[in-house]
Amino acid sequence: MKQIKQVMVLIAGLLALAVSVTACGPGASPTPTGTGSPTPSTTSMPQVAVVALLSIPVTDWDPAVEFSNGVMILHNVYETLLRYEPLEDTFTPVLATDYTHSDDGLTWTFHIRQGVKFHDGTELNSEAVKFSIERTIKIGKGAAFIWDPVDKIETPDKLTVVFKLKYPAPMDLIVSSAYAAFIVSPAAAQSNPDDWFTQGHEAGTGPYKLESQKMGEEVILTKFDDYWKGWQGKHFDKIYYKKVPENASRRQMLEKGDADWTMELTSEDIEALKANPNIAIEVNSSFENLLGFFNTEKEPLNNKLVRQALSYAFPYEDVVKYAMGGYAEQAKGPVPKGLWGHGDDLFQYNYDLEKAKDLLAQAGYPDGGLKLLATYNSGDETEKKVCELYKSELAKLNIELEIRGMPWETQWELAKATNPDDRQDIFFMYWWPDVTTPYTYLFNLYHSQPEIVFNFNYINDPELDKLMDDANLQAGIDRAKAAQMFVEAQKKIVDEAYGLFVYDKNYVRTFNKSLKGYKDNPSYPHVIFFYDCYRE
Amino acid sequence: MRKLLPVETFEAIKPRLKEFKLTFYLLNRNRLTMIAVITVFLLVLIAILAPLIVPYKEHVISGTNPQEKLLPPSQEHLFGTDELGRDIFSRVIYGTRISLETALAAVGLALLIGVPLGAIAGATGGVVDEVIMRITDIFLSFPPLLLAILIAAFLGPSLTNAMLAIAVAWWPWYTRLIRGQAVSMRERQFVRAARAIGTPHFKIVFGHIVPNTIAPVIVQASMDLGGVILTAASLSFLGLGAQPPTPEWGLMVSTSRNYFLNAWWYSIFPGLAIFITVLVFNLVGDGLREVLDPRTRKY
Amino acid sequence: MTELLKIENLKVNFRTFEGVTNVLNLESLSVAKGESFGLVGESGAGKTTLAYTILKLLPIPPAFVESGVINFEGENLLKKSEGEMQKIRGKKVSMIFQDPMSTLNPVFTTGQQITRVLQHNQGLHKAQAKKRAVELMNLVKLPDPENILSKYPHELSGGQRQRIIIALAFSCGAQFLIADEPTRNLDVTIQAGVLQLIAELIRETNVTVLFIGNNLELVSLICDRVGILHRGQLVELGSIKEVAKHPAHPYTLTLLRAIPKEKREKIDLTQIALKAEERLAEKGCRYAGRCLKKEKICLEEEPALKHIGGTHYIACHL
Amino acid sequence: MPSARVERKPKMLKFILKRLALGVLVILGVVIVTFIMTRVVPSNPAAQWVGPRATPEQIQAAKRELGLDQPLYIQLGIYIKNLFTGNLGKSLKTHQPVIEELKNYLPATIELVLLSTVIAALIGLPLGVISAKKKDRWLDHFSRFFSVGAVSLPTFWVGLFLQLIFYRWLGVLPLGGELSTNIKLFYQVPHVTGFLLLDSLITGNMVIFKDALLHFILPGITVALYPIGLVARMTRSALLEILGEDYIRAARSYGLPESTVLWSYALKNSLGPTITVLTLSIGYTLTNTFLIEAIFSWPGIGSYIATSILSLDYPAIMGVTIFAALAYVVLNLIADIIIALDPRVRL
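Chains as they are written, first to last, in the working numbering: chain A, 1398 to 1933; chain B, 125 to 423; chain C, 2 to 319; chain D, 195 to 541.
Bound conformation, chain A alone:
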């Protein structure tokens, strides 16, 4: 009898605990952030913004290395010399006040802002700029390649930096790159071990500094009192970034006010959020596009007619409508709309199964009967839908499309297989700019390469190479002319139907209506410059 009593008491106690804990739940736990109540300090509530992220906040805390969404945070901690406004094609001076370049595009002079302090208390000068960029080049990871044109960096005085280039290049675009263009404190970098940054430290000039973090999970930023722009007006005191991998969870957090800003919701979610009066939905153009690559080194896609047939068989409208919920536009060539060098007059393939049939017949496949393999990044719901819709159309041509969602690394290795026959037939991939130039699209994706990196069409066309390279050299001298030349190159790519130009994506921003001052900049994908934001 004694035993049974003990067990019962234990269970009862447990239940009581659970009940008491849940009963007082709603008051304590999911309080709306920042505006909420139960905090120890009563004087003035610090303003906090909460960002729910899809993946780990910062992959590598070294600003020279980070080459993924971590720049969302780093751009609030570090600053670049300039910030590019692609929609107006202008530059906002940040750490540099102004700049000039020689006519041949080989010498670029930047003047550095006076009185800027790093978070470690030291002051910004031309040496720091030189040090930062040389450090990035030396480490050679991430997006360090953007500095390839740089021959040497000179610092004639404390506030002047001169770049001497190997070949003409648009340095203003390079120094304002979203990646690998951050300026760090030399004092902090030199007095600490090499992996000091990677271990989760920072030494930038940005408006916010790192308060604390749990690696791979969350980051808390707090305002840097000595920020050079000062703290007049309304600003946030703290920013809280948290990884919330489930789409549904991020949406629910946003709806309940547990998050202020989130990304990568499905179009169905966005549709549902429209009814919520507390949530703002902003549709912005972006420089991110979805491209399909045909394996031109393998039967049957080495045949231009087959490639064109497959281009006509693609359900562009359905994909935009159902896979993207309308938040995209069918692409015209590989360079997205809004970016200089985009060809508005380029030819566009349209969904036309009859035409596709004709072309297939011409190519010698009147009854279809092909088997193709398409790969995409596993876990990407949109790419998955794209593939499924495409498969359904190709089935009508008696072409069997096998779809394989693969982790990026394995998909990549498959595409780099030595034997072209081992590779996939169609490779789906997003591309977005590092430096805001058409060359990042054309060179990486369609230029011949000594080794396969991202040229998944496997084209080796010297004529096309030359068109692109000439255009790039021109970019450091006369951007308008260069843009024309880039369009010429794309004409050839489109005509050859090297791949599917699926859509240019819109970034749909979903955030709490009380978050004000947020402005999307497609050159800095997903970055929120929190200094400009405030809560109302």
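I should point out that these hints are in silico values taken from the structure, not numbers from a laboratory. A portion of the hints provided could be inaccurate.
[Unchecked claim] Below, computed lysine-lysine pairings styled on PhoX-like, alpha-carbon distance capped at 25 Å:
id, chain 1, residue 1, chain 2, residue 2
1, B, 193, B, 181
2, D, 329, B, 145
3, A, 1611, D, 297
4, C, 131, D, 462
5, D, 329, D, 462
6, D, 257, A, 1535
7, C, 307, C, 12
8, B, 193, A, 1793
9, C, 81, D, 329
10, A, 1863, A, 1878
11, A, 1718, A, 1734
12, A, 1734, A, 1888
13, A, 1863, A, 1734
14, C, 80, D, 328
15, B, 193, A, 1671
16, A, 1611, D, 404
17, A, 1768, B, 181
18, B, 193, A, 1718
19, A, 1793, B, 181
20, A, 1653, D, 404
21, A, 1889, A, 1701
22, D, 327, C, 88
23, C, 12, C, 34
24, C, 152, D, 205
25, C, 92, C, 7
Keeping the supplied structure of chain A fixed, place chains B, C and D upon it in accordance with the hints.
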């Protein structure tokens, strides 16, 4: 977690009609087990007849109908439609076939690896036994799901590879089970007799020992089916199993995560399908274990 | 003499795969107060089943009681609830089991097991119970009681364990004791000692005994009266003298011959062994199938117990 | 007669040592198997190390940096040598030492797993006892349905619906994570052992403890389901075996009440196998967290390994695998010791 039946359990199990009848009689005592047995037969029937009974046959292969996406359950679509307008009922029904096929293939393959290894180890003894069993130990010290995930990830995601991965995670259990049997078999009269008249070792192992030890392993394997189905679904959930647009339940649940706030039916039906299938297989397995284990067997 | 236990019309069946089998069919049996009654029969005859039925410890299913009355002190045990039975078991009726190896709980020390029973049945405090346990050890002639009480069953020998089981049976002053082949699983060398102990204790406590055995000779050492059980039925009943000296039923004769010590005739073991497949005949004497003297009537009619003199009864047509 | 229990001690030690040695061998085997598996897969760790959009020169440099230009057996040798110093290499993605990342992620997972296991024992044990007691009756059917159901549920699916019900509809429990944002930002979160619930409890910080407990409930229940079912099933089958034993019948014959027979006499006998299962189930529960941590944004090893596997981050995968195998081997050893402590088993 699996509790392997003790070796002696199977001394009694001989594939005789009477044994089957007796087992059935004992199972019949527990109504819940009996319901499960009937459901298992029903599921097998559904799996076999799937192509005939699905209302939207094209939706299980390549067809899409995005205009009708995410419709709630109705008369035309009993379980509603998914994000590309496909009939979820058809896909769930067809998924029965895929799940059962995958599970059977995985367990079959695990048996194909595990049984000969175990028989050879047990029948040969000595160094061969040591080596085989130490390798088995190594594989047994991976948590099975982790091992399956690892292998599926390394082989690349596909249903076939998921099946292979599960087989690799499962075979050591069978090796261990059959080895125990084979060891006891080694000294039996008929084996000695066979050896005495110069039968080659290979023939003794596969001609005498395997046929006489296979019954318990088959029983064990049938008890494992539920766990295997769940593991396969978990792999697909992680994106390491079936590929779209295959109507595999785990994959459907995984995809539905993105839509379940707007379309609860999309998650609930494939999830229920997994649950019910695994449940009835486990219930039957549990019932079988109770009935076949001499320690709990009661007439 | 008052009847302490009176069994009437008791039918116990087992429901199995093959169907319902009758394992116990007793028309009438009574044990008087202070009497030692022996029950003898081959294994499977239903002796243990009877013991379990009295204590209501039968595994149900597959067993079930079809009909009957077991009156103990004038009250029908079969009608008692589980709670009421708990007040009877151990306190009024106790039992010595046949297998000392499996009767004690392996995960408690013997002391824990005895004191728990004492605490519960006699409401003793822990210290009192411990003291009483030591006394009990002395009673069953186990030396070094403290040591024995601190041991787990597997650390003791079979004889020691059986003595503890006997101690448990006598611990709470039950008036009725069922001893189910208490020496069956013991070495021959210690059988005598244990048996003697039981006999002494019975004499000292004047308890009423139902003594079960498969060996008439052994039973005769303890009992006044004896019943021969065959396939669930009493085939012969009488005082020890009557049955042992003048066995009347053919089965009893076989049983007596089966005692190896006697070595009077060559024993045909196949006659004794009960085959599992052997089905009960639809009608007729249950022994007819093996009876060497059977006649036509034996196959057609079931014999009832009939009085053949003194207290002697047999169930045989002949 | 010398006491048997005194004799057992040196045997026990020998037994443990032998099992430990075997365990080390097995772990070494796991290391080798995993290492080979990771290396035969077509992939390019060097390219991962440098990051996306790397140039061929960068990749070549990384190859040298990571020692990938050496023959495989030398790489393995170096790996094993480093292993002994606790060096598991660096993650290809985050460039952090894997051992640091494990330290970072493990406490949350261990806390989740252990606490769920305790819950599993508290619920599963009575469930199994009731089921065995009422065998083939409706209470048994119900309890069996529940316990077999618990091991048959796709946990990832359950997690989604628990969130839907308790966060979205009822609004009584948080969606995920370990703590609320406000608590994180404005309270000093104690850090003693790394286990949040424990730390807040020992430092007497009830606000944080309550918040952490609230956050624990949903993932805790989801993770506990499987072991609950397991313990209930195991207790049931062990009890069924034991309830048929002679000593149970004997105990009843002495007039002991049914509750004592069941909860003390029988349960103590079935505790051995049940605790063994509980111990071993921790290994399973650990892998189950791989599926559900992401759903609950739980900052543990599960979501870490899930992302590592999907991005083929080999050092991270190996680190977690070795840890899991180690945990498995140790738990097995503990289970064996528990069995060996059973007075019936003589070593």
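Under the constraints set out in the numbered hints, which ones does this structure not fulfil?
none
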